[in-house]
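The chain contents come next:
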Amino acid sequence: MKGTIDRYLDKVMAVADVRDAQREAQIREELRDHLEMKVEALKSEGYDGAEALVKAVEDHGSPVIVGYRLRPWRLVDIRVRGTARGVIAIGPKARGIVAIGGVALGVFAFGGVAIGAFSFGGLALAALLAWGGCAVGTFSYGGLALGFIAFGGVAVGIIAAGGVAAGVWVPGSTLPLASHYSWDTAPTWWHGIGRLLSFNPHSSQETKAFMTMLGALFAITIAIWALGFAAQVIFTWKEKKRVTGIDASITE
Amino acid sequence: MVRLAKQTLDGNVETIILAELVSGANYGYALVREINKKHEGLLALGEGTIYPVLYRMEEKGLLKSEIRKTQTGRDRKYYRLAPKGKTVLQENMLQWKALTEVMAKIQDGLSGPATATDPA
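The listed protein sequences derive, respectively, from chains A and B. According to the working numbering, the stretch in the first sequence is residues 1 to 252, in order. According to the working numbering, the stretch in the second sequence is residues 1 to 120, in order.
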């Protein structure tokens, strides 16, 4: 009986990665006690020894799920399943100061859906800066940008600029749909923002400066996104490699 | 019988465990077995996933634990309610009572007007 249970517990503890020998021994002992009681209970219900063992470990749950749930909070948490939590969190769902994942929630969030102060992703929702396919934030930059200052292919905001733009003020757009203010009527303190988001196409100097700014902005955001994406791919791959086989079978 | 959805259960597992421990100290396996037996068909706690909850509750000061020797000489960890756990349980039960009343009123409202405004 011990062989099967110990192999199962080895896997659980490998995923949990407790990093405290005494704590790990206590958890292992408690889980072993549970599994042995379960086996005895199953035997008394009529299961034979091997069947009881298999059912006991199966009922206990996948070693990956149980292991991750046992994992204590840590600075850097990387998971291939569930929610990663840490200062730096990487996983399918991630919550941390820096969160990277399918659904990421953090101060700096990178992911398919990213929610935070600074968010980068397919759908980026941010208190300050959002960049992505659909970006919603105080300053938003993306395919579809919604925000106080929105800049993108389609931009909607208080101050909006881009391909198609609508806003209280649209200082620059190929197709301005709606703009309450013009350069002459917009609040003076908005002008600085307006100059950043637009240019006079008849002035080669302004055009060049704007294109340089646009290029730099694009390069910076792409670099930040690429960094987040690379971190996710590399660290998730490493973690996946670490736990590979752990969940494959619980009785071999 | 409606089985409780995971999201309904998620925030209340601690309360269920606290309530189960009112009758006295118990260990993980027995807790899962008794809770699942008592609420059969409505909820099923995962056997392996109760331990992270117990450890979290212990860290929060809701539970205290002690090691007792079994008849076979084996060490077994027993959990019991800590004073903070009793307080939290009472608070949670009051919250649940209030929520139940709200839901009952909503339920009454949903069934009441339908019959009152029935043109037939």
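Calculated directly from the structure, the hints in this document are not laboratory data. Don't take every hint at face value.
Said to hold, decoys possible - Restricting the straight-line Cα-Cα distance to at most 25 angstroms, the calculated cross-link-like pairs of lysine to any residue (SDA-like) are: (1) 55(A) x 76(B); (2) 77(B) x 19(A); (3) 86(B) x 8(B); (4) 43(A) x 71(B); (5) 93(A) x 176(A); (6) 55(A) x 33(B); (7) 97(B) x 27(B); (8) 64(B) x 26(A); (9) 208(A) x 229(A); (10) 86(B) x 105(B); (11) 86(B) x 10(B); (12) 93(A) x 5(B); (13) 77(B) x 176(A).
To be verified - Some chain B residues well away from chain A (every beta-carbon gap over 10 angstroms; in silico): (14) 8; (15) 10; (16) 15; (17) 49; (18) 74; (19) 90; (20) 92; (21) 107.
Where is the CB? At the ideal position from N, CA and C, for every residue including glycine.
Enumerated hints in conflict with the structure, sorted upward
5, 7, 9, 10, 13, 17, 18
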